[in-house]
Amino acid sequence: MSRNLPWLAELQPEMFAELDPALAADRGIEDGGWMVIETARGEIEARAKVTPRMRPLKVDGRVVHQIALPWHWGFAGDVRGDITNDLGALSGEPNVSIQESKAFSCNVRVGRRAGPSTQRLADVRLDRPVRADEDDPAAEYPSEIT
Amino acid sequence: MTTRAAPTEIAIDAPDAERMGFFTDTTVCIGCKACEVACKQWNDLPADGARFGKGSSYDHTGGLNASTWRHVRFVEIAEPTPQAREDAAQRLGAGGGGGRIPAIPAAGGAGGAAGGAGVAADFDLVAVAAGRADADVDVAAAGRADAGVDVAAAARAHAGVDVAAAVAAMDDWVFMSDVCKHCTNAGCLDACPTGALIRTEFETVVLQADVCNGCGYCVPACPFGVVARDHEDGRAAKCTLCYDRLQDGLEPACAKACPTDSIQFGPYDELVALAARRVGELHARGVGDAYLYGAGDAPDDELAGGLGAFFLLTEPPECYGLPAQADSPIQEHVVPATAAAYGAALLAAAGAAAAFLLAARRPAGRGPRALARRRAIAGWQR
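Line by line, the protein sequences are chains R and F.
Everything in the first sequence is counted per the working numbering, starting at 980 for the first residue and increasing by one.
Everything in the second sequence is counted per the working numbering, starting at 5 for the first residue and increasing by one.
These are calculated hints, taken from the structure and not from any lab test.
Owing to the predicted nature of the structure, the values given are computational and were not obtained by experimental measurement.
Warning: the hint list may mix true and false statements.
[Said to hold, decoys possible] Partial list, computed: chain F residues near chain R (C-beta under 10 Å): (1) T65; (2) E274; (3) P327; (4) Q329.
[As the list claims (entries may be wrong)] Taking lysine to aspartate or glutamate pairs in the EDC-like style, the calculated list, with each CA pair at most 16 Å apart, reads: (5) F:K58 <-> F:E80; (6) F:K58 <-> R:D1010; (7) R:K1028 <-> R:D1065; (8) R:K1028 <-> R:D1057; (9) R:K1028 <-> F:D237; (10) R:K1081 <-> R:D1065.
Virtual Cβ for every residue (Gly too), placed ideally from N, Cα, C.
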């Protein structure tokens, strides 16, 4: 609903991922820039929100970084973007059959997603390869907000 | 109460109306932007081209403009500098485990510790959540080792971790719902040549879109950068303090929608008293930085003669994009200049009048030319 109502859509115009400054510096990801989140099942792209509110954890002696993703975007609506559920296993919560997997391990890299599997997941066909430094969301998801 | 509008202003006078205003308390704002949406919905304003990162932090609508009359600004007081980010990355890269990394037990680790080394009693999840540095113990590691493990030593090993400071810094994330200030000395109203901007019976400043000719004089005349021109029809637009709702005894849409009562609406004098009490309450609770912006100032320090929509802030005004000092440019510059011009004109007129009067008072017939003329006349008569 909020993707289709312009007043709500403009409050958060793009899919984003929150990550901590240390991880962002390590991967060369800049605040507001593009990043890709990869799992064994798929990859999605999002705008990076680098914030000290996301804090790495030390679990069993290892530093574990956390990435926070909203589930909010899709291929339709005034604002469009990649779908977080493409990353996780399909598993329905037994009472109401809502996607249950909320936490899983992933990798992140800077840039835009690319590749046939990603294009299949996002249901888009590009007639040219996506450059890693491409930074124009309007090219792929023309916004109806002007 | 009759209106206190300046005599030059076009004002609606209603004997039983009183000044109404907004009190925006930033200490309870949660940044939900319900006011922004409610304002757009009531006033039928379009979504106007937000883009990711247009404003700071999680704000993507940027600021007030002709179609955004309420705007919630996100102010990251603790936004780290690029250098600080580099430093944090280097600390992590060095493998020292420094930086702001809280330790949490691995799955089953805390249970094992509770059964084995008995350190679970020292592990206070609440303290970790609150960010206390002394709670920052790698309990899982301690639990794996034998009972001989010195938990205190493990805690000391993490002495470089300043979780408390990190959490304290995170608290400095403030939100402010910005709006037209409905100034007592309204720069836009002073500058408007068409009479589109008027003072209502509630002493608010309203722009009548059907009178506005789009000259744009009001835009630079606003010391707060509130008024803007619509990029489609060129006319100016700004918050009306929901004049239509006020006339029907309703509170403005933003105040109605605000879930935390950060935006309060009411009779101006009552609001100022309420706001002063709130500042006192915050000071008593230890929020010593709380102060009112735009209300309760000494006459010389007043912002634009006092703001009809004023704010409770905890940071310097500039952090919120507000000016520390503000007045109507016309009141500040044009009025003194006009007074000086009138003074100069009066002086010149007085000088000219004095010259004529002095000339008139000079006795006729004593100068050399008058003498010659008299002689000539005497010659002809002879």
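Hint by hint, here is what the structure shows:
1. T65: 6 Å, holds
2. E274: 32 Å, violated
3. P327: Violated: closest Cβ of chain R sits about 27 Å from F:P327, beyond 10 Å.
4. Q329: Not OK, violated: F:Q329 not within 10 Å of chain R, min 32 Å.
5. F:K58 <-> F:E80: This hinted pair holds, its Cα atoms lying about 15 Å apart.
6. F:K58 <-> R:D1010: This hinted pair holds, its Cα atoms lying about 12 Å apart.
7. R:K1028 <-> R:D1065: Cα-Cα ~20 Å, so violated.
8. R:K1028 <-> R:D1057: At roughly 21 Å apart (the allowed maximum being 16 Å), R:D1057 and R:K1028 break the hint.
9. R:K1028 <-> F:D237: 36 Å, violated
10. R:K1081 <-> R:D1065: 12 Å, holds
In this structure, the hints that do not hold are numbers 2, 3, 4, 7, 8 and 9, in rising order.
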